[in-house]
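Top line first, the protein sequences correspond to chains F and P. All residue numbers for the first sequence refer to my numbering, where the first residue is 1 and numbers rise by one. All residue numbers for the second sequence refer to my numbering, where the first residue is 1 and numbers rise by one.
No false leads were mixed into what you were given.
Here are the simulated SDA-like pairs of lysine to any residue, each with C-alpha atoms no more than 20 Å apart in a straight line:
#1 P/K310 with P/R232
#2 P/K310 with F/I147
#3 F/K138 with P/L309
#4 P/K310 with P/L240
#5 P/K310 with F/Q148
These are calculated hints, taken from the structure and not from any lab test.
One-letter residues, chain by chain:
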Amino acid sequence: MTSTVHPADAGTAQAGPPLRPRPSTEPSRRKSGGNRRIRPGRIALGAIGVGVSLIWVFPVYWMLNSSLLPNVVLQSTTPTWLPFGGSLDNFVAVFSGGTFLPALGMSTAIALITVAFCLFFAFLGALAISRFRFRGRKAFVLAVLLIQMLPAEGLFIAQYKLMGSLNMLNSIVGVSIIYIAAVVPFTIWMLRGFVAGVPADLEEAGMIDGLSRTQAFMRITFPLLAPGLVASGVYAFLQAWNEFTVALVLLQDTSSQTLPLWLRGFIQASASRATDWGQVMAASTMVAIPVIIFFLFVQGRMTSGLVSGAVKG
Amino acid sequence: MTTQNLVLGQADPPRQARPRKRGNTTPYLLVIPACGILILALGYPLVWQFVTSMQRFGLSQQFGQPPEFVWFDNYVTLFTDPYMWTVVARSLAFCLVTAAVTMAIGTLMALLMNAVHTSVRITLQISMLLAWAMPVVAAMTVWNWLIDWRRGVLNSVLTGMGLDFQNHNWLADPLSFFFVAMVIVVWMSVPFVAFSIFAGLTQVSTEVLEAAQLDGATLSQRLRFIIVPIIRPVLAIILLLQVIWDLRVFTQIRLLQDVGSIASETNLLGTYIYQLGVGSSDFAMASAVSIFVLVLTVALSWFYVRSMLKEDES
Chain F
1 MTSTVHPADA GTAQAGPPLR PRPSTEPSRR KSGGNRRIRP GRIALGAIGV GVSLIWVFPV
61 YWMLNSSLLP NVVLQSTTPT WLPFGGSLDN FVAVFSGGTF LPALGMSTAI ALITVAFCLF
121 FAFLGALAIS RFRFRGRKAF VLAVLLIQML PAEGLFIAQY KLMGSLNMLN SIVGVSIIYI
181 AAVVPFTIWM LRGFVAGVPA DLEEAGMIDG LSRTQAFMRI TFPLLAPGLV ASGVYAFLQA
241 WNEFTVALVL LQDTSSQTLP LWLRGFIQAS ASRATDWGQV MAASTMVAIP VIIFFLFVQG
301 RMTSGLVSGA VKG
Chain P
1 MTTQNLVLGQ ADPPRQARPR KRGNTTPYLL VIPACGILIL ALGYPLVWQF VTSMQRFGLS
61 QQFGQPPEFV WFDNYVTLFT DPYMWTVVAR SLAFCLVTAA VTMAIGTLMA LLMNAVHTSV
121 RITLQISMLL AWAMPVVAAM TVWNWLIDWR RGVLNSVLTG MGLDFQNHNW LADPLSFFFV
181 AMVIVVWMSV PFVAFSIFAG LTQVSTEVLE AAQLDGATLS QRLRFIIVPI IRPVLAIILL
241 LQVIWDLRVF TQIRLLQDVG SIASETNLLG TYIYQLGVGS SDFAMASAVS IFVLVLTVAL
301 SWFYVRSMLK EDES
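With the rest of the complex left out, here is chain F (with noise of 0.2 Å):
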């Protein structure tokens, strides 16, 4: 698809495998003399890359072996490094606790209607751009490239005035407005490049063979857009779910907090009182697993999206 960073210029490439530029140490021991590469020198930067790995991954590392270990043995002065005889009960006081339900049934709605109606928005707005030429198309392409670019905190008084004149503080529906919007612009531009990837040909196609061109883009261009939309529907999924600077301004009262708010309620309260930190990283657990699995699926496409004016020049 268009927006995939695959190596354009494949075609300088002679016989050499077409689809992994990467170094291989064979061709080149043959071609430089076998003595070129030096293994304790590979050694060290293994060893460097296993080091640098580690300490990338130890935060992540500490909220799961934090949220394990009892209050009692976090509170000790010497770290524990291993959650030998750790256990549940943190997740299950966070969860009886009483203000997580709430907070996960806040952020689900939010983030399910702003999916739903951002995957349906920037679906039609992807077919516009990519399947017709009209007058306003690069107007409306440069405001979507634009717009993705605002910054929240460039916006948020005047969307919290907004949202009080409506009387939509603290409301589902006022904040998913906020966040349809914020999402729809990448949306657009990312379902672009699924909707391009499919050529128009094979609707056609389908329609010389007798169907109405509803049942063409149904049956055909439908199923092949379904990884695009899934992929978008997660991006979408994914901000809405983490999104902290608009839910701060828009939903201050305490009955109406996202988990993002609900989090930063325990950071508040440690400052002023001992915290029970084995309960407040298994709440953040909580919070990243979902997120954690999700973001897999989206990575590659997310990156290359961002970045493939650039690599294609």
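Following the hints, complete the assembly by docking chain P onto the known chain F.
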């Protein structure tokens, strides 16, 4: 689903007649929903903000007094206020330093990923993906726990190494506060940079590199004359995105401020707007700063948008 069918059903006749008919309404119908929501949630606030930034709009207007139109008075007040310049300078410094450090570490990580054995590379990729996937607020709670002055693991490790970090508060001093914020932002942003540059590196043809090596080019020469020119466009875009993203850093700063530091000494542009608008209800000044941030972002984004437009045309 049904609505979708309906709209697409409408798409039938004009699309088939497209070659002959120029005035086609279908694409306009298709962009209406997207445009509608953008105008409601972004367009209207933008206009309101622009108007408000030229009014006197404070607490008394909250209680019904009509705002007074003062043209550019707010901007004059803003740009003659030394505190505003402190915040601007602080934001720019934080943004540039963080972006530079992120780029440097990200590039090194990409080169490392390119050089090591596949198994090590996958280990690196997995740990960076995990860091990247963490929701910002969850990551902030973890970092707050790591650097907690009473029981944080960082202090106990440093104390264990014989340094005096018992009960050291990392957030008390503004400089140390920003250092912590930078480390956190770098930790979160390096994976994107490293993955993108790595993707660019895989495009550098091995044959060319080997030919250069046979001709006697050293590693630094190969890096300078072959690899960097090929991945330069990727580097430029990523650097630009980092600068834009680091300029508007809000969540991390806000959540570190929560744990205890004097807000006025650690405000960046985002938190300053928040303090003006939500904290002291001075919507006019908050709007003026917001407009300033928006103008700055749009100016910076322009190159990025242009390169993406180029892609759209191809």
